[in-house]
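**Q** Below are the chains, spelled out letter by letter.
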Amino acid sequence: MPSVPAIETEQLRKVFGDNAAVKGLTLQIQQGEVFGFLGPNGAGKTTSIKMLVGLITPTSGKASLLGKPLGDRSTRAGVGFLPEHFRFQDWLSAREFLTLHGQLFGMDPRRLLTRIDALLERVGLTAFHDKPLATFSKGMLQRIGLAQALLNQPALVFLDEPTSGLDPVGRILVRDIIHELRGQGTCVFLNSHLLSEIEVTCDRVAFISHGEVVRTLELASLDTGRVTAVLRVGEIDPKITAGLSPWAGDIQVQDHRLTLTARSEEALPEINRYLVEHGVAVYEISPKRVSLEELFIETVGKEGGL
Amino acid sequence: MNVVLILARMTFRQAVRKKIVLTGLVLGVCFLVIFSLGFHLISAATDKVTIPGGKGFIGIINTERSSALLLAGLYTVTFLAIAMAALLGADALAGEINSGIIQTIVTKPIRRSDVVLGKWLGFAGLLLLYFLLLAGGTSLSVFLQSGYAAPHLAAGLALIYLESLLVMTIALLCSSRFSALATGGVVFGLYGMAFIGGWVEQFGSVIQNQTAINVGIVTSLIVPTEALWHRAAYEMQTPLAGALGLSPFGTVSVPSLLMIAYALVYLVVVVAWTVRVFQKRDL
Numbered sequence: 498m499p500s501v502p503a504i505e506t507e508q509l510r511k512v513f514g515d516n517a518a519v520k521g522l523t524l525q526i527q528q529g530e531v532f533g534f535l536g537p538n539g540a541g542k543t544t545s546i547k548m549l550v551g552l553i554t555p556t557s558g559k560a561s562l563l564g565k566p567l568g569d570r571s572t573r574a575g576v577g578f579l580p581e582h583f584r585f586q587d588w589l590s591a592r593e594f595l596t597l598h599g600q601l602f603g604m605d606p607r608r609l610l611t612r613i614d615a616l617l618e619r620v621g622l623t624a625f626h627d628k629p630l631a632t633f634s635k636g637m638l639q640r641i642g643l644a645q646a647l648l649n650q651p652a653l654v655f656l657d658e659p660t661s662g663l664d665p666v667g668r669i670l671v672r673d674i675i676h677e678l679r680g681q682g683t684c685v686f687l688n689s690h691l692l693s694e695i696e697v698t699c700d701r702v703a704f705i706s707h708g709e710v711v712r713t714l715e716l717a718s719l720d721t722g723r724v725t726a727v728l729r730v731g732e733i734d735p736k737i738t739a740g741l742s743p744w745a746g747d748i749q750v751q752d753h754r755l756t757l758t759a760r761s762e763e764a765l766p767e768i769n770r771y772l773v774e775h776g777v778a779v780y781e782i783s784p785k786r787v788s789l790e791e792l793f794i795e796t797v798g799k800e801g802g803l
Numbered sequence: 019m020n021v022v023l024i025l026a027r028m029t030f031r032q033a034v035r036k037k038i039v040l041t042g043l044v045l046g047v048c049f050l051v052i053f054s055l056g057f058h059l060i061s062a063a064t065d066k067v068t069i070p071g072g073k074g075f076i077g078i079i080n081t082e083r084s085s086a087l088l089l090a091g092l093y094t095v096t097f098l099a100i101a102m103a104a105l106l107g108a109d110a111l112a113g114e115i116n117s118g119i120i121q122t123i124v125t126k127p128i129r130r131s132d133v134v135l136g137k138w139l140g141f142a143g144l145l146l147l148y149f150l151l152l153a154g155g156t157s158l159s160v161f162l163q164s165g166y167a168a169p170h171l172a173a174g175l176a177l178i179y180l181e182s183l184l185v186m187t188i189a190l191l192c193s194s195r196f197s198a199l200a201t202g203g204v205v206f207g208l209y210g211m212a213f214i215g216g217w218v219e220q221f222g223s224v225i226q227n228q229t230a231i232n233v234g235i236v237t238s239l240i241v242p243t244e245a246l247w248h249r250a251a252y253e254m255q256t257p258l259a260g261a262l263g264l265s266p267f268g269t270v271s272v273p274s275l276l277m278i279a280y281a282l283v284y285l286v287v288v289v290a291w292t293v294r295v296f297q298k299r300d301l
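Protein chains in written order, with the working numbering: chain A, 498 to 803; chain B, 19 to 301.
Isolated chain A (complex conformation):
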C-alpha cells in the first residue's frame, strides 16, 4: 500500500498583525520518520506546530496530516501532542489526568485502562499514580505529559521541546521512548533546540529561520560527509601544506597543529601518507565529524534568534 505522508505542508503561512511568524512552510514528512525541527528562538517553530495540530488557523497555504486536510477531527484520534511549557489539570491525580485525556481521545475504557498502566510504568510514574499533579516536579510533569501524548498509540506525535525541564535521566528516557516509537512505525515530529538531542534521535532535520525552511538534511549523510581533522605534526613547510589540496580544504597551521576539512574519512590515511612521504612527523590525527551544531551555525548564522 503506498502510504500517504504523515505531514505534508505547502506554503503554510501565519501572519500576526504585521509580523509573519511563519512565512511559507513547505515540508513533506513520511510515516515512521523521526523528524527534527530546528531553529533559533523566534524562528516560528512553535507557531508551525500549533498550525499543524489545529490550535492556530493558518493565514494561507495548505497542509495535511496522515492524508487528511488540517482541521479534520477524526484524524486527531491518531495524533498525539505534547505542547511546549506543558500545563495540565493539576487538581487531578496522574491516573485521573490520563483517564480524562483518554476519554477525550474517545478510547475504549478497557483499552484505556491497560494503556494507562503501561504508560505510567514506561515513564516511571507507577508509584505516583494516585498523587495529584500539583505535587509533581517539573520533570515528572513532563513525563506525564509525554504519557498523555502517547495514550492513543498515535501514528503521528508532535513533541514540542519534550526534554525541557528534564534531568539527564529524563532526557535518556525521552530518547529511548522516541527510539521505541520509531520501532513501532510512529512518525515523530520533534521540536527542540537541544541539537545533541536531535542528532541522536532524528532521521532527518529541517532548519527553520525567520519562518522559512532554509535547509533539510538526512542525518545519516552527516556520517559519510566531510570530516574535520586536527593533526599534531612536527615542522611543516607551507609548500607542503599547499600540496594537501587534493584531499582537503580549509587548511590552517598554528603551533604544530594542522587543522583541515577532509573530503571524506577515507582521505585521512592518504593525507597521513603524503605528510610522512614529505618528511613531516605526524604524532596524532583526530578526526571530528561535522556536528549538527556547526551546521546549525552555518545555516542560520551566529546571531541566532536575536
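There may be inaccurate statements among the hints.
Taking lysine-lysine pairs in the DSS-like style, the calculated list, with each CA pair at most 25 Å apart, reads [claimed, not checked]:
{"#": "1", "chain 1": "A", "residue 1": "Lys559", "chain 2": "A", "residue 2": "Lys520"}
{"#": "2", "chain 1": "A", "residue 1": "Lys565", "chain 2": "A", "residue 2": "Lys520"}
{"#": "3", "chain 1": "B", "residue 1": "Lys37", "chain 2": "A", "residue 2": "Lys520"}
{"#": "4", "chain 1": "A", "residue 1": "Lys565", "chain 2": "B", "residue 2": "Lys298"}
Think of the hints as simulated: they come from the structure by calculation, not from any bench.
On a predicted model such as this, the values are computed, not experimentally measured, just so you know.
On the provided structure of chain A, position chain B as indicated by the hints.
**A** Okay, now just chain B, sitting in the frame of chain A:
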C-alpha cells in the same frame, strides 16, 4: 461517554477540588444562619406589637412582614449567585487559554463547541446547587419559622436562576476573548448598568414618567438580568404589596412575559456567540 458530559464533569470536579464549592457551601450556610436569626429576631419583635384591629389585621401584617423579609433575603441570594456566576465564568476559558491547559484539550478529536458547552453545563450545575442551597434554604427558613410561603415560589426562583445563568454565560463569552480580570470588569459593569436601569424604570413607573420607564426597558434589552429579578419579585410578592406600590424589593413596573422570552433567546444567542468566538480564536 458524550464529550460534553465528560467536560462538564471535569469542570464540576475542578470546582470541587479547587475548594470553590466548599467556600460557597460554608459562606452559604453562614448566610442562612444569619438570615434565619435576623428573621427570628424581627418576627419576635413585631409579634409583641398589639394592634387594636384584631387578629385578622395582625395576620395580614405578619404575612407582609414575612414576604418583605423573604424578598430581601432572596435579593441578597440573587446578588451572591450572580457574583458566583461571574467569577466562575470569568476564569473558565481565559484562565485555561492563559495557562495553556486548553492546548491538550482542543487538540483531541473533539469539537471546540464541546469545550464551551461542557464548561457551560458544568457551571450551570454548580450554580443550580449553590442557588438551591441559598434560595431554598432562605425560603425554607421563612416557612418553618412563620408558615409563610411566597406565591409562585418555584417560578420566581426559576427566574432568578435564569438570571444567574445569564450572567455566567456573558462572563463565559467575554472570557473566550479577554483576560479573566477584564471579563470581571465587563460583567459587573453590565450588571451595574442593568441594575440602575431597572431601578430607574421602577421609580419612573411610580412617578409615571414614560422616559424613565423607557430607559429601563432599553437597558433590559441590552442586559436583561435585572428585568428577570423584577419579574421574579412580582411573581413572589403578596397581592397587597403589589397593590400598594413601590417597596424596596417588590415590583411596580412589571417586565412582560415577552421580556422573559427575550432573556431566554438572549441566553441561547450568547452561548452560540461564545462557541463562534472560541472556534475562531488562535490558542
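**Q** Now, for every hint given, state plainly whether the structure supports it.
**A** Against the structure, the hints:
Proximity of A:Lys559 to A:Lys520 is assessed by CA-CA distance (about 13 Å); at most 25 Å being required, the pair is judged to hold. Between the alpha carbons of A:Lys565 and A:Lys520 the distance comes to roughly 23 Å, so the proposed pair stays at or under 25 Å and holds. Distance check on the hinted pair: B:Lys37 and A:Lys520 sit about 46 Å apart at the alpha-carbon level, beyond 25 Å; violated. Under the criterion of a C-alpha separation no larger than 25 Å, the hint pairing A:Lys565 with B:Lys298 is consistent with the structure, at around 20 Å.
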